[in-house]
Amino acid sequence: MTLAEPIGDDPILSVRDLHVGFDSFDGFADVVDGVDLSVGRGEVVTVAGETGCGKSVTMKAILRLLSEPPAQIEGEITFDGTELRSLPKREFDRLKGRRMSLIFQDPMSSLNPTFTVGEQLADTAQFGGRSDTGVLEYVRRRYLGGERAEARERAVEMLREVQMPDPESVMESYPTQLSGGMRQRVLIAQALLNDPDLLIADEIGTALDVTIHDQIMTLLEDLIADHDLSVLMITHNLGVARQVSDRIYVMYGGRIVETAPTAALFDAPKHPYTQGLVASIPRLTGDPMAEGIDGSVPEYLDPPSGCRFHPRCPYAHEACREHRPETIPVGTDAGVECVLYDDRHDAPYDAPTLETTRAQMGTIADQSQTTASELGGD
Amino acid sequence: MSETLLAVDDLEKYFPVKSGVLKRTTGHVKAVDGVSFQIDRGETMALIGESGSGKSTVAKTIVGLHEATGGTVWFDGEDVTHPSEEQLDEMRDRIQMVFQDPTSSLNPRRTVGTSIEVPMQVRGVPAPERQERISELLDLVELNDEYLYKYPHELSGGQKQRINIARAISIEPDLLLLDEPTSALDVSVQAKIIGLLEDLQRELDLTYLFITHDLSLVRNFADETAVMYLGQIQEKGPTREVFHRPRHPYSRALLSAIPVTSEEEESYKPRHEPLEGEIPSPRDVPSGCRFRTRCPYETATCETVEPAFTDTDGGPLVRCHVYDENYADEFDEVPDVGATAAVDDTSSDGGSGQFAVTSDGE
Amino acid sequence: MSTETTDAGQSTPESESLLDSVVSQQRRELWARAWKRFVSRPMSVAGLLIILVVVVAALLAPVVAPYPEHAGKYTDFAAALQGPSLDHPLGTDHVGRDVLSRILFGYRLSLMMVGVVLGFGVPVGVVLGLVAGYYGGWTETIIMRLTDTALALPPLVMALAITSALQPTLWNAMLAIAALWWTWHTRLVQSIVASERTEEYVQAAELAGAGPLHVMFREILPNTLSPILVKVTLDAGFVILIGAGLSFIGVGVQPPQPGLGTMVSQGTNYLPDSWWFAVFPGLAIFILVMGFNMLGDGLRDVFDVEVNR
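Protein chains in written order, with this note's numbering: chain X, -2 to 375; chain V, 22 to 383; chain L, 179 to 487.
For reference, chain X alone in the conformation it holds in the complex:
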């Protein structure tokens, strides 16, 4: 079941057979079911999936943001050779503040509204990953000597780097006085202040307007290149994933169903779910858009047997209901969890292409044409 992982022997982050479940009032919800993923050094990797696919839970499990219980986490998470699950909290916090940075989805709630941007950035610069700083040492470094001034200088520099207009006055502003785009820039600056190796970004800029989002993504691309960052990004927007990432994992029902280098994933998606998803995206070309995927996402309290996508899959057959499909490697850097690609099974279908799936789903006919034919028909 383990995927022949595409990245050499030395990924900066690797997740093996991650399981996350929650004990809830209605029973046990099996939300992440055996996820393997890795981020190579200098690689930008995206986990893409729709609402409720388990991508955020995966990220939170990696960052230890889930409280146990109710969460039950199993699996192995390795960051730069260090096993994270068994790491003491203090050491993990140090790692999280210095070498791993995260940018949250909501730029407003991630900043404290009662402190100025400058204070918060300087704190991050001075004390990021140093939650164990003693009171005396804190006071000394915070108020005495030139360290604070240095930290503030670094913060201003960082703001300049994220192309913040008028960084000096932004330092003195409170988060509520900034626009959504500026807050997002502050968060990016904050994440990069301590020069991390790995950046984890959750739905970055999703709440922003198209043109602002565009600015932020362009900026992010530049920063990733300049700082030689490894990035694990989480998004529901495949277009965004395509824009920035080297490789994409597609998640469905708590499992990774397909991974491939970005170009390959969009040119020739293999898993029927990926195909359906790509086909559902409205296209600028004016080609008709596919009619979407039937059914809805699985209930985690009682997930479908075998392949979790089988109730919605147009190519499902008996084998899909019975066993969870194995991950079939495709070349050296891709894989797909689907029996249609398994040589050992006699699949009743040839592996479908994006086009066959698009045709299978049916398309929303181009409006002007339909209206014309309707008129003719009457």
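Think of the hints as simulated: they come from the structure by calculation, not from any bench.
Just so you know, even glycine gets a beta-carbon here, dropped at the ideal spot from N, CA and C.
It cannot be assumed that every hint is accurate.
Stated by the list, open to error - On the chain X side, residues computed to face chain V include the following (Cβ under 7 Å): (1) T48; (2) G178; (3) T203; (4) Q212; (5) F263; (6) V275; (7) S277; (8) P279; (9) L281; (10) M286.
Chain X is already provided as a structure; the job is to place chains V and L on it using the hints.
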């Protein structure tokens, strides 16, 4: 010749800004500032804009949830800007709206059945008839009677939006205002809802005003597209024209900013020109051309003179000083072989591609 | 629209009955879930049990009380101030009446007071709150200023004033408290309505052509019910306490009627020797108030989960 169902002429909606102890009006948010367009029966018009563009306010002003500050709204030949009681009743019969958030637009304490029932109940449709009609409606939105007694929290986003649509069409309106009906949904569900809306339009002869920030969604769905910025329409015309050859710098920036999923689509986007800065506050609209503060083409005239709608080359109407015959080359055309053919199609189509230039308020 | 859809749909009798069973099963499940969540908290169940037992006992007081005649003017000085025994499980008072019997009848008066105060205060408060929250503007300003003014008067002081101006009877005390109690509900409902008012489902109902009455009572009111119910439960405890307090200082239930507060007040004269006379009525008040509070907390949890799910 198709007939005009809805015409909006120089519509204005200002919200007073009050401050101080005495709650004196100290300024106005010009949410909608001189918007004109018209929709023919059975057509779909898309109103595109980012947050703060006033696109939703336009819809809410049309249905009377807000009172217009200025301008006129004509519905089926009647002036309904400040409707009388009877006019309001009639409008409610004929214009309905589907809201953006499928969750907050359903009463959490009402079952699906009773939610859909409200419009009919209010109009005194007898109970047995209502029951029958609700089943019919559920069928129409591709659900079934099993949903009758479910509460909204038991449904997925897509199902909730279907219920909202069922409620909106329960009294067979002519015009449906769709306020970002899919922006809260996942793409695979969004496609389903758009498909449903297209089917319903054909079956029930509906007219749509489709409000969205997602341009790629509009490409296939709308006959005409209007691009709004800070309370004003900057460009409007047949959808294909707007997409294949966006003329206004803002339309171009919007189109070029869409993340797409194939190389082919990349070639349909205009040259990438990231906009500077952010959208100004509608309280403080820039002088002259309101887009100039972010425009890569700004000239001296832009600051002083507000551009009027012009159809420089017989295509969409554009509010821009810079875009004219001489500058046309600056605005590289999207390298698409099918574009000219498509344009020819629409114009020879007769009727559907026409709109009145006279509605220009300046 | 043609009837084709219904013909093609599920209109045959068998499928309909099948569907009905599915539907009623869904409803049952919904209630079952709420009940399950409720009973999963021992505190709220205990609260409910206490209230049920007290209410039943109070209703059946003439039947279950060992000495129903002791509720009124009865004296038997020979039996005065006897400690708990088999004959008198909770002892007797200073004129020889059975304390248990008098507590059971005392509960009747307390519960009646709750009924009258809340029966008047809650509907008035809720309607005023709905109107203020829904219409806003001047209507709201007038109603809310009035509410604030009334809120500034403590119910106990108001009751004292009224009973001393009129007559120190239970009815006058209840009247005084009821006249102030609506304010809390007006505030509560107005704040909820003001935020619900902007929800899109309200706009949707208005667009559907629904009038203000429909929107207020059929759309918004159901969404305010759970906090109201929680508040009513907690209120009940409060009203009992205030009633007992008034009786204690002599302006509520008048002897020989068996008010719980009156009994505590009388019993304090015989402390500490005849402790049962004051302690058991006090305990009776405590248990009932506690029951209401526990139930109120439990209900709040059930509703919170249901809404936020």
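Against the structure, the hints come out as follows:
Because the closest C-beta pair between T48/X and chain V is about 5 Å apart, less than 7 Å, the hint holds. Hint status for G178/X: holds, given a least beta-carbon distance of 5 Å to chain V, under 7 Å. With 7 Å as the threshold, the beta carbon of T203/X stays out of range of chain V, its nearest partner Cβ sitting at about 11 Å, so the hint is violated. For Q212/X, the interface hint holds, since its Cβ comes within 7 Å of a Cβ in chain V; the closest pair sits about 6 Å apart.
Hint on F263/X holds. Least Cβ distance to chain V is approximately 5 Å, under the 7 Å limit. Interface hint at V275/X: satisfied, since its Cβ lies 6 Å from the closest Cβ of chain V, which is below the 7 Å cut-off. Because the beta carbon of S277/X sits about 4 Å from the nearest beta carbon in chain V, less than 7 Å, this interface hint is met. Residue-level restraint check for P279/X holds (minimum Cβ-Cβ distance to chain V is 4 Å; threshold 7 Å).
Hint on L281/X holds. Least Cβ distance to chain V is approximately 4 Å, under the 7 Å limit. Given hint, M286/X at the interface with chain V, holds; its Cβ is 6 Å from that chain's nearest Cβ, closer than 7 Å.
Checked against the numbered hints above, the structure violates only hint 3.
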